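Chains A and B, in that order, are what the protein sequence lines are. FYI, the numbering for the first sequence is 192 to 305, going by this note's numbering. FYI, the numbering for the second sequence is 321 to 435, going by this note's numbering.
Any given hint could be a false lead.
Pairs of lysine-lysine residues, derived as DSSO-like cross-links and limited to a Cα-Cα distance of at most 30 angstroms, are as follows [to be verified]:
{"#": "1", "chain 1": "A", "residue 1": "248", "chain 2": "A", "residue 2": "194"}
{"#": "2", "chain 1": "A", "residue 1": "304", "chain 2": "A", "residue 2": "248"}
{"#": "3", "chain 1": "A", "residue 1": "250", "chain 2": "A", "residue 2": "194"}
{"#": "4", "chain 1": "A", "residue 1": "254", "chain 2": "B", "residue 2": "346"}
{"#": "5", "chain 1": "A", "residue 1": "208", "chain 2": "A", "residue 2": "246"}
{"#": "6", "chain 1": "A", "residue 1": "194", "chain 2": "A", "residue 2": "254"}
{"#": "7", "chain 1": "A", "residue 1": "208", "chain 2": "A", "residue 2": "254"}
{"#": "8", "chain 1": "A", "residue 1": "250", "chain 2": "B", "residue 2": "333"}
{"#": "9", "chain 1": "B", "residue 1": "346", "chain 2": "A", "residue 2": "248"}
Derived from the structure by calculation, the hints contain no laboratory data. All of these numbers come straight from a predicted model, not from anything done at the bench.
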Amino acid sequence: SQKIEQNSEALNIQEGKTATLTCNYTNYSPAYLQWYRQDPGRGPVFLLLIRENEKEKRKERLKVTFDTTLKQSLFHITASQPADSATYLCALVPGSSNTGKLIFGQGTTLQVKP
Amino acid sequence: DAGVTQSPTHLIKTRGQQVTLRCSPKSGHDTVSWYQQALGQGPQFIFQYYEEEERQRGNFPDRFSGHQFPNYSSELNVNALLLGDSALYLCASSLAGTAINQPQHFGDGTRLSIL
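Could you put together the complete structure from these sequences and hints?
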């Protein structure tokens, strides 16, 4: 069956450290993979998009990698701050899609302690 | 530049009732997608509307229906509400033709509670 999975356990780290979140998928051939941030009671906010032929993408303190052989994406936040505390969602766009329909993982909650 | 707006923000209904949720897309966007997010889960795709037609549908029963208006705004209707329909309903907008390789812009959702 098709699945997209993120660590369901919350990730607790100390301010200044690097947070690494994992997204694994099975039985999909994604054209794109996206990462979103969601704060309590709010809608998801787009962070980064990476294409199937890209290995790595960076934006300020954020970095995403995409390994289509391992069927995995890693999301890194360097020099983390308490303001980075939120739930992070990965979402893929299946290669067969022409509508941009997103298939989400369940999200990982990050808590950055001062 | 107005983002995606949804109304109402919260709604309480009882089992068997019907509900209508509304969404105005981000300025310049013509495609609207609806997602259901249960507590502690990621959003699940319900359907997408473009040019006033349902373009793609997720694994949701016919009790879930929608509509898109000429001004690109959209409604989600749910009939015969069940307790399991309690969730955050999110609307996302994008621009057709670029949707597959562009992010979607989400509203803050409507929190629907079924008693």
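For residue 304 (chain A) and residue 248 (chain A), compute the direct alpha-carbon distance and say whether it is at most 30 angstroms. Measuring from Cα to Cα gives roughly 26 angstroms; hence the hint holds.
Given the hinted pair residue 250 (chain A) and residue 333 (chain B), is their Cα-Cα distance within 30 angstroms? violated, 43 angstroms
Please work out if residue 194 (chain A) and residue 254 (chain A) have their alpha carbons no farther apart than 30 angstroms. holds, 23 angstroms
Given the proposed pairing of residue 208 (chain A) with residue 254 (chain A), does the C-alpha separation stay at or below 30 angstroms? Answer holds: residue 208 (chain A) to residue 254 (chain A) is near 14 angstroms, not above 30 angstroms.
Quick one, are residue 208 (chain A) and residue 246 (chain A) close enough, alpha carbons at most 30 angstroms? Within the cut-off at roughly 23 angstroms; holds.
30 angstroms Cα cutoff - pair residue 346 (chain B), residue 248 (chain A): It holds: about 26 angstroms lies between the C-alpha atoms, which stays within 30 angstroms.
Is the Cα-Cα distance between residue 250 (chain A) and residue 194 (chain A) 30 angstroms or less? The hint holds at about 27 angstroms.
Against the 30 angstroms threshold, does the CA-CA distance of residue 248 (chain A) and residue 194 (chain A) hold or violate the hint? Within the cut-off at roughly 23 angstroms; holds.
Would the hint linking residue 254 (chain A) and residue 346 (chain B) be met if the CA-CA limit is 30 angstroms? Roughly 27 angstroms separates the two Cα atoms, so the pair holds.
Going through the hint list in order, the structure does not satisfy hint 8, though it satisfies all others.
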